[in-house]
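Chemist: Protein sequences, first through last, are from chains A and B.
Counted from 1, the first sequence has number 307 at position 307 by our numbering; the numbering is strictly sequential.
Counted from 1, the second sequence has number 183 at position 183 by our numbering; the numbering is strictly sequential.
Calculated directly from the structure, the hints in this document are not laboratory data.
The reader is advised that the hints may include incorrect statements.
[Unchecked claim] Straight-line alpha carbon distances no greater than 25 Å define the calculated SDA-like cross-link-like pairs of lysine to any residue that follow: (1) A/Lys-10 - B/Pro-131; (2) A/Lys-268 - B/Val-321; (3) A/Lys-268 - B/Leu-383; (4) B/Lys-203 - A/Glu-333; (5) A/Lys-45 - B/Glu-61; (6) A/Lys-268 - B/Ile-377; (7) A/Lys-268 - B/Ala-11; (8) A/Lys-268 - B/Met-389; (9) A/Lys-268 - B/Val-382; (10) A/Lys-268 - B/Arg-375; (11) A/Lys-268 - B/Pro-386; (12) B/Lys-203 - A/Leu-99; (13) B/Lys-203 - A/Arg-30; (14) A/Lys-10 - B/Ile-377; (15) B/Lys-203 - A/Lys-268; (16) B/Lys-203 - A/Asp-27; (17) B/Lys-398 - A/Met-252; (18) B/Lys-393 - A/Lys-10; (19) B/Lys-203 - A/Glu-218; (20) B/Lys-398 - A/Glu-333; (21) B/Lys-393 - A/Ser-263; (22) B/Lys-393 - A/Leu-33; (23) B/Lys-203 - A/Gly-327; (24) B/Lys-203 - A/Lys-45; (25) B/Lys-398 - A/Gln-9; (26) A/Lys-268 - B/Lys-393; (27) A/Lys-10 - B/Arg-375; (28) B/Lys-203 - A/Ala-37; (29) B/Lys-398 - A/Asn-253; (30) B/Lys-203 - A/Leu-26; (31) B/Lys-398 - A/Ala-262; (32) B/Lys-393 - A/Gly-326; (33) B/Lys-398 - A/Arg-254; (34) A/Lys-10 - A/Ser-36; (35) B/Lys-203 - A/Gln-31; (36) A/Lys-268 - B/Val-378; (37) B/Lys-398 - A/Phe-264.
[Said to hold, decoys possible] Here are some of the chain A residues that sit facing chain B, going by a computed Cβ distance under 7 Å: (38) Ser-126; (39) Ser-134; (40) Thr-138.
Beta carbons: idealized from backbone N, C-alpha and C, even for Gly.
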Amino acid sequence: MNFDFSEEQKLLQQTARDYLEEHCQLDAARQVLESSAPYASDLWKGVAEMGWLGAAIPEAYGGAGFGHLELALIAQELGRALAPIPFSSSVYLATEALLLAGTPEQRTRYLPGLASGERIGTLAHSEGAGRGGSPGLTTRIEGDRVSGTKIPVPDGDVAGLIVAVVRDADATSLALVELPCEGVDVEALDSIDPSRSQARVTLNDAPAEILGERGAGEDLAARLLDRAATLMAFEQIGGAERALSITRDFCMNRYAFGRPIASFQALKHRLADLFVAIELAKSNAYYAAWALQNDEPDLATAACSARASASDAFELASKEMIQMHGGVGFTWEYDCHLFYRRSKLLAVTLGSADLWRDRLIERLTG
Amino acid sequence: MDFNDAPEEAAFRAEARAWLEANAQAVPTGGLGENAEAVADEKRWQALKADAGWACLTWPEEYGGRAASPMQNVIWNEEESKYKASVNIFSIGQGMLGPTLMVHGTEEQKQRYLRPMLRGEEIWSQLFSEPGAGSDIAGLRTHCVRDGDDWITNGQKIWTSGAHYSDWGILVARTDPNVVKHAGLSYFIVDMKAPGIEIRPIKQIDGGSGFNEVFFNDVRIPDSSRVGEINDGWRCVITTLMNERSSLGMSLGGLGIDDLIELARETRWDGSAAIDDASVRRRLADYYIRLKGVQYTSYRSLTALSRGATPGPEGSIGKLVSAPLRQEMASFAVDLLGEAGVLRGDASAARGAWQSAYLGAPGIRLAGGTDEILRNIVAERVLGLPPEMRADKGMAFKEIPTGSL
Ligand SMILES: Cc1cc2nc3c(=O)[nH]c(=O)nc-3n(C[C@H](O)[C@H](O)[C@H](O)COP(=O)(O)OP(=O)(O)OC[C@H]3O[C@@H](n4cnc5c(N)ncnc54)[C@H](O)[C@@H]3O)c2cc1C
């Protein structure tokens, strides 16, 4: 057994960290949050040039051909930097969907654009408040036309390709919709973390093409979400680690009652607990990444564990971050809220930790 | 033991209801008192209440109250909250500073300040916290130097809620740096419009600006505005903080457990109502039980109060439980909505109220004593556990170590 990343992989991670330290300080997320820009376009271009968008895309399709372990480490660094770009939508969702189910022709058509960043992709599955199972879907495909409303669609306002989960006669299918096009209406929406975009996408007899086997949408969507959840877990862990590190440093330098607040056991133990939570999430995520890279059937349960523990760890980290900073943690000026917002956004996108726990038990027992 | 209104309580409740019903149109519906219009609305409502005897019910009659029992005050608050969801912008004065003046103020100060405070003609803010001193409030550095009949004040306060619409503030400042930290503080009434005071709003994480930085540059405060003895301000601070913890509103933008249950009823999970899910039910039950526990605990202290006990450190339980619970509930509400939970505004359930609550909730866990400080109070003052080792014990204030933040 060798349960660690290789030297080359770690080197890649270090390169990613260095690059982001130079090009994506925390005020990058703040700038997008405070402006009307949907994402940081310069950073997007830079990330594309680094080859990260195509990290898991084979060279034949314009990618860098690294693999999922490398992609996971890049995700962790992007999470650490709270990168305000549609990476998760375009890479973990749209690109993965094509890698999972695309025909060679579909891959040839879309993967090069996704790898170069010229085209942003996303997945449209949610149809409003609540948990929607596929049987409840109202977005339908008939022939090669789809109709229905998807909300929220992450990064839907900047997407040039949407993978939609749709009702197809009595079954579910995945459908590709190219944007902009006739019959597609996109409206950007306000969210808890405006450093990332959300949209409502209304499809009205929009031209679409089936992705993967007809009627296999439910299974494909589930497998796609497992892959995305694994990569997202790394992004969440990166965010949690950064929050912990900033909070640790703050507690060392903030004094109350004549001593550093880090010396109060009430805080010390909680910082230790947080570290432990992050380490467990990381180990679960490593296992899931291995399963993803090697197409192991274990991914079905490993993704659930990685996702639930990473969501919990990042949410805990951002909550503790504000609490331990005291009053300054509640200000717009300090960065704590960037983490508090992002942790919630990532915890809710792809479904809550509780949803993944339910899924885990179903899969363990089913 | 009887949880029903006693006959005289029922009569009192009926009287309160009748008055509220008759005056329902005058109830302000505005936001958090951040704009002049909302403040004016709140002032109108307060004056209307005061003139009819419904302001600061527990205050003595000589200051405009009706010497009502704590129970009657609770009954009034329950009834008023059915009509009014907005935050009470007078609560810092009426709930904390007024009661301190009543105990420690001179007769002249009481005559001058209490009635306009009660009637809402003058709004008060609390100038305690500083950039370097929040939990450790006695570590504050804003200082006053005697100059004839005046004190000259320099320094900076922070997190001052409502400073931007306040007329008066209560300032705690250092009047002797050469003694241990608690022993060199004095307590002053300060005119918020005095020359040398500069107020700058601070933007909060939820986008609002309820609190401020307040700078003091050679601000003159007449000695007649001092409350309590010179260097004995800590005694007044304790009175204020005791009242603060029992008066702090635990409102979450008006959202309660009923609203959360309603949300779980309306939200669909895989074809059924989310409330049918066992994990949702368990959580809702857990929130309900904790909320009721806090509510009934406060009734128990009320009963003790009405028998003449003084508010004790166990008053900290309320905020210690409610504040993190509110954050948990808001966070759960967002999760309940699925991926749409991230949305704010009209596209969201309850028009984004839960998302706003999620962003506002961390502030409640910090304001008026953090979770950690409240636990220390319960541990040390209720359970009698030994205090943490004090790194600054017995040290003159100016020798206490400080950090870089
Ligand atoms: C919304 C809001 C409104 C406010 N309004 C007012 C106001 O009107 N007037 C006013 O004067 N102040 C006000 N405050 C300030 C508030 O009282 C302080 O923020 C609070 O007391 C914490 O102080 P601090 O911010 O300096 O944090 P610190 O005291 O530096 O605390 C940082 C962290 O260290 C922890 N800590 C500190 N000491 C200990 C210990 N002994 N053991 C364990 N942990 C410890 C704290 O709990 C916290 O987690 C307000 C604050 C907020 C958020």
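Chemist: Mind listing which of the numbered hints don't hold for this structure, in increasing order?
Modeler: Violated: hints 1, 5, 7, 12, 14, 15, 18, 19, 20, 22, 24, 25, 27, 34, 39, 40.
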